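Q: If you use UniProt numbering, the sequence shown corresponds to residues 1 to 293, in order.
No lab work stands behind these hints: they were computed from the structure.
Just so we're clear, the structure is a prediction, and the values are computed from it rather than from any experiment.
Ideal Cβ placement from N, Cα and C applies to all residues, glycine included.
Mixed in with the good hints, there may be bad ones.
What the hints assert, rightly or not - Label pairs and their calculated CB-CB ranges:
(1) 190 <-> 152: 24 to 32 Å
(2) 271 <-> 132: 17 to 25 Å
(3) 190 <-> 132: 20 to 28 Å
(4) 288 <-> 205: 36 to 44 Å
(5) 205 <-> 31: 21 to 29 Å
(6) 261 <-> 205: 42 to 50 Å
(7) 31 <-> 277: 58 to 66 Å
(8) 271 <-> 177: 40 to 48 Å
(9) 187 <-> 208: 38 to 46 Å
(10) 187 <-> 128: 45 to 53 Å
(11) 179 <-> 208: 23 to 31 Å
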Amino acid sequence: MTGDLNTAIPQKPKFSLWAIALTLFIAVLNIVVYFYQLNYAAPLDSQENNLLLFGANVYQLSLTGDWWRYPVSMVLHSGGMHLALNTLALFVIGIECERTYGKFRMLAIYLFSGIGAAFFSAYWQYSEAIKEAASRASMNAWNSLYLPDNTVYITVGIGASGAIMGLAAASVIDLLKRINHPNLSLEERNQLKRPLYNIIGMIALTLINGLQSGIDNAAHIGGAILGAVISGAFVLAPHATARAKLLSSGLIVLIAAALLTITLSQFSSLQDEDLNYERQFIYQEMTKELNQR
1 MTGDLNTAIP
11 QKPKFSLWAI
21 ALTLFIAVLN
31 IVVYFYQLNY
41 AAPLDSQENN
51 LLLFGANVYQ
61 LSLTGDWWRY
71 PVSMVLHSGG
81 MHLALNTLAL
91 FVIGIECERT
101 YGKFRMLAIY
111 LFSGIGAAFF
121 SAYWQYSEAI
131 KEAASRASMN
141 AWNSLYLPDN
151 TVYITVGIGA
161 SGAIMGLAAA
171 SVIDLLKRIN
181 HPNLSLEERN
191 QLKRPLYNII
201 GMIALTLING
211 LQSGIDNAAH
221 IGGAILGAVI
231 SGAFVLAPHA
241 TARAKLLSSG
251 LIVLIAAALL
261 TITLSQFSSL
271 QDEDLNYERQ
281 FIYQEMTKEL
291 NQR
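Build the full structure now, drawing on both the sequences and the hints.
A: Next comes the structure, spelled out in structure tokens:
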């Protein structure tokens, strides 16, 4: 037997609902919101417009004042299969994260990864739209971000996948820390490598699948990066005593919240003439459809 194994491989706790309370709460919240979408939040004929109305992440709106779309879009889903896959992934990853990091730190990872992923996605789409507009303008075919017939291209970003990718990255960070524990035997190290490879494989498959059209891979990438960063900070912070762990975790969350707030305030009110035109156009179209009902 090796010494201090409880530090490296905590004993498996007995099952209790409290042990998975946060994971269960997030899953139930997503399900409740989805059924609310279906029954009470669908006044328009188009599902896309209903999602826009309810709070989907669309860069033309999110980057011009609607910063609230970043957290709201995390609990929206496009259909039953989308919800089911995210819920399954949440349970597979979330239960272990909740046990490893605790509820407070897991919630921080989930929220910062999800909100940050939504912002990353919105800004990436905006950057791509600028590049495309510049390319077309150079060929004298386009002069702005919108089409000559005033049709606006929109990409609706919804779902918890960015936040879940953050939890997956956090699990990888934790497993790497545990595998490198000095008191671990070779056999115990090999036992930890299996879940590590499984999670890395899941992340890789998600990113590969995200190369398909219509999937918001920018959110997946952003969520994974942010999850790795904040969980890495948690792992490296002092945690010799419960007090030190609490204080360091609180400080990390405060710093992360400040950085996220500054970033969103800086980039969520862009004064871009074409972007603001598209914002007005989108809201006019939604208002027109609402008034016609």
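Q: Flag every earlier hint the structure violates by its number, smallest first.
A: 1, 3, 6, 7 and 9
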